[in-house]
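For the protein sequence lines, the chains are A and B, in the order given.
All letters in the first sequence, in the order written, are residues 1 to 459 by our numbering.
All letters in the second sequence, in the order written, are residues 1001 to 1171 by our numbering.
Keep in mind that the hints are not guaranteed to be accurate.
Some, not all, of what chain B presents toward chain A, calculated at C-beta under 7 Å [to be verified]: (1) 1032; (2) 1033; (3) 1048; (4) 1067; (5) 1069; (6) 1078; (7) 1081; (8) 1087; (9) 1165; (10) 1166.
Below, a sample of chain B positions facing chain A; criterion: calculated Cβ distance under 7 Å [unchecked claim]: (11) 1055; (12) 1057; (13) 1144.
These are calculated hints, taken from the structure and not from any lab test.
Just so it is clear, the structure is predicted and the values come from calculations on it, not from any experiment.
Even glycine gets a Cβ: it sits at the ideal position worked out from N, Cα and C.
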Amino acid sequence: MTPITGDDIRALVQPGRVSRRLYTDPDIFDLELERIFGSAWIYVGHESQVKIPGDFVATRIGRKPLLLVRDAEGNIQLLHNQCAHRGSMVVASNGGHTSEFRCCYHGWTYHLDGRLKVAPLLHGYPAHFDPKNPEFAMLRVPRVASYRGFVFGSLAEHGPSLEDYLGFMTTSFDDMVDRAPDGELEVAGGVFKHTYRGNWKLYLENLCDAAHPLFVHQSSIDAARQQSDEVHSDGSGEIAIRQMRQNGAPYSFWEENVGIWTYPNGHSFLGDYHDDAKLVAALNDPVFRDYIATMEAKQGKEKTRRTLEVRRWNSNVYPNLSFMSQFQQLRVVHPISVNETVVHTYNYRLKGAPARMFENTISFANIVNGTGSLVLTDDLEIYTRIGLGLTSAGSEWLEIGRGYAGDLPAEHGGRRGKNSTSEVYIRNMFDAWLGYMANDVGTEGTRATAPQAVAEMRQ
Amino acid sequence: MTLPQRTVQPRPHSGAFDAAECETFLVHEARLLDEGRFDEWLSLFTADAWYWVPSEPNQASPRDTISLIYDDRRLLETRVRRLASPRIYSQEPRSRTSRMIGNVTIEEAAADACTVRSKFQLLEYRRESQRIFGGTSLHRLIRGDGGIQIVWKRVDLVNCDAPHEGLVVPF
């Protein structure tokens, strides 16, 4: 294969359009794993999943299997799940509690922080072999950091701090955590795993797309609108149906009432789409009234009011994380191949909130992120159809120009669309993409700072 | 959509259920699903029924854990109405399915109600690829005015916690 140069990469992204190769070329996909997933901060789990020393959970960055571990000193470690001996995956379960990690092949055994503890038959090795050398270990991912309980890892030794990387998006995490009366979240309620035969980038490109629901989700919008509210519901169906009806809001709503904001490093959020009065947490809902009372008792009226007036729909953290602070949902997009993607979605319990609030979160997850959802299944169909469509040798270019002429500078170094139907958030992601991908001479450290420079250049 | 009248059930009986009668009913239900007669399938359920496909093995509750499907009667009606929509893109082209039902046992029986356990295998063909599902179903059945009715149905897929492409045709 001929090396792909920075000029090759830059030629694939033009104002308002990108080459189809970004979704179909296996060489570009491999380069994305190396340059984007090999240096960006990637979400790997939540501190509540590893509460006490010895707790661990399987996770990954790109396609690399990793373990998120609470070590004996109480520190969070992120280890490559690979034995230093013959490369076997050491831990085969999804998670659990242990005092050490032992490879089942020849018994090489590791401390919780990855250091080799003991191995049998340590004699007769050549000179390079030194079991005290930190390289003979389940290797640690170079950088791990948390923001308010959300843990990220970076495969690059150097780069911006997590908080600098997230920038203004920290406020979306704040919004999620601040909604907990006790100021903490915990992962609960299981994991949805869905897959589609299309490129990984398509997923985040859809999540702030305000122009697709009226078409893609027409079957569920129509079905929900025709549904009689007299029919028996235990509450879960009611939440789902309200959500589907809201997807049918007319274009005028999206163009006049909803905004989209983007920030350096490829991040963005869609605002104002739903609010508590329209959805699960309707103000006259007794569960939500209890919740507000609990919040006010623990945090005071004024702080509660300020917390609940934040209205954001999906917050996207480039390259592969999207979350919904109002309903405590989070999705992680895992690239498998250029044309295959797996998405894991999680729910978070608001500590100190009435138990029924989490039941609402579950009902909401089922309709928004569920593998058998009446809504998400049509999104998955679109991702697969794009994968299928791009197998034809049709147009070289895919358009991402909607609202291009109306993009405006925003606070905190950002750019916003004139309104929510702008594809500014996709253009913003490709600015970040270019920063990582076109940097064919830089070190890993400079790569991670490049997207911001590109975004500034374009403003 | 107008909800149809209840279909005439095979073998109208009264009193206690037996396994053979339940099997006939389950085969009838499977046929309605295979033939895309979803309105008729819906009419098998009682007015306050629920239909549940857990996301985890041995899942205790649909309230505190996500489910591949958890429909109360209202959402089940919406699901069935959507299946009939010409705009349901995840069913364009339509799936073709073939179900085998077996190992039918009555787990618990009262005078006019019972819980039936059965195994199923389901082939789903759509757009040049075929998926296979299998697992255990539990049905709570009662005798209604028009025949046997489903009070609740739980379907545990063997691979409930695997990554799946969209699950659109009911199990």
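Hints, verified against the model:
no., hint, result
1, 1032, "violated, 19 Å"
2, 1033, "violated, 14 Å"
3, 1048, "holds, 4 Å"
4, 1067, "holds, 6 Å"
5, 1069, "holds, 4 Å"
6, 1078, "holds, 5 Å"
7, 1081, "holds, 4 Å"
8, 1087, "holds, 4 Å"
9, 1165, "holds, 6 Å"
10, 1166, "holds, 3 Å"
11, 1055, "holds, 5 Å"
12, 1057, "violated, 11 Å"
13, 1144, "violated, 15 Å"
Hints 1, 2, 12 and 13 from the list above are not met by this structure, while the remaining hints are.
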